[in-house]
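Given the structure of chain A, go ahead and fit chain B onto it with the hints provided.
Number of protein chains: 2
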Amino acid sequence: MVIHELTQEECRERLARTPFGRLACALENQPYVVPVRIAYEPNYIYMFSTAGQKIEWMRENPKVCIQVDEIPSESQWTSVIAIGHYQELAEPRYTAEKAHARELLEKYSRWWLTALAVRREKSTRDLSIEPIFFRIEIDSVTGLQALPEGEK
Amino acid sequence: MVIHELTQEECRERLARTPFGRLACALENQPYVVPVRIAYEPNYIYMFSTAGQKIEWMRENPKVCIQVDEIPSESQWTSVIAIGHYQELAEPRYTAEKAHARELLEKYSRWWLTALAVRREKSTRDLSIEPIFFRIEIDSVTGLQALPEGEK
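Chains as they are written, first to last, in my numbering: chain A, 6 to 157; chain B, 6 to 157.
Please note that a few of the clues may not be correct.
To be verified - Covered stretches of chain B, going by a simulated chain A footprint (3 or more residues, C-beta under 8 Å):
id : segment
1  : 33-41
2  : 65-71
3  : 83-96
As the list claims (entries may be wrong) - A few chain B residues that face chain A, going by a derived Cβ cut-off under 10 Å, partial list only:
id : residue
4  : R27
5  : C30
6  : I76
7  : E108
8  : E111
9  : Y113
Quick caveat, the hints were computed from the structure, so don't treat them as lab data.
Computed from a predicted model, the values in this text were never measured in an experiment.
Where is the CB? At the ideal position from N, CA and C, for every residue including glycine.
Chain A on its own, in the form it takes in the complex (with noise of 0.2 Å):
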């Protein structure tokens, strides 16, 4: 196995055809992380969640981490960490970004809130499931990749 650095296309390009990743938020230096649907366009990672510790923590601190990975083999993986921070996209200022980002995470984000719609109901617990959009504006990403020795 051979390691080497992704370039900054390649990072984003991952990215790009990535729909899942891991997103890290950090509150009084603790940390929290979570899987997530994302939505990758340049400069930004569009993403959903219903109220939560997540989101709790984001407005009190915007800056997170993501992390998105190809694992096929233990020999051959791709890594890639993005750094940001939490935009919400909250009306009436983001009310187009807002539409763009159903739009992007539309069909599973329909999908899970009626997962979570069931769930609730079931729940003693008055926990609104209105969906929150939001996005990562990007500051920096990083990459790598292994290859099994040989392959380039």
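For chain B alone, kept in the frame of chain A given last:
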């Protein structure tokens, strides 16, 4: 799809059988997340790394979060999150624990370090490839599972 919470036992069972996870650390409220090879034993997750950003950050701020998941399909997945803190297995205090970590991760670490050695031979920077073994002492675990409707 129906989502429900995993029990403590189910969370730990997932940690035990999943060889890869994502480790998030933070410094000055900037989170950072990387994929890692893990070995779980109650109540610790063992790992190793070469010197670099994540080790420096965890020495500075031991609060971490580890996330593992299994995503066979969009409607069938589990995700487990462990919150804990960093313990570097430095000698002499942790001689026995370091030997134990080395044993747990031996096959993987030997292979990985060979790859790093190749990479760093080609580097102009003087980077050590001496592995640093560490473990996360787990403070809490939570998990979610999604199943297609009708399954249990």
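We went through each hint and held it up to the structure:
1. 33-41: holds (count 8)
2. 65-71: holds (count 5)
3. 83-96: Since three or more residues must qualify, the claim that chain A covers the segment 83-96 of chain B holds, with 3 doing so at under 8 Å.
4. R27: OK, holds: R27 (chain B) within 10 Å of chain A, min 5 Å.
5. C30: holds, 6 Å
6. I76: Hint holds; I76 (chain B) Cβ to chain A Cβ min 7 Å, cut 10 Å.
7. E108: violated, 19 Å
8. E111: violated, 14 Å
9. Y113: Result: holds, 8 Å to nearest chain A Cβ.
When held up to the earlier numbered hints, the structure conflicts with 7, 8 and fits the remainder.
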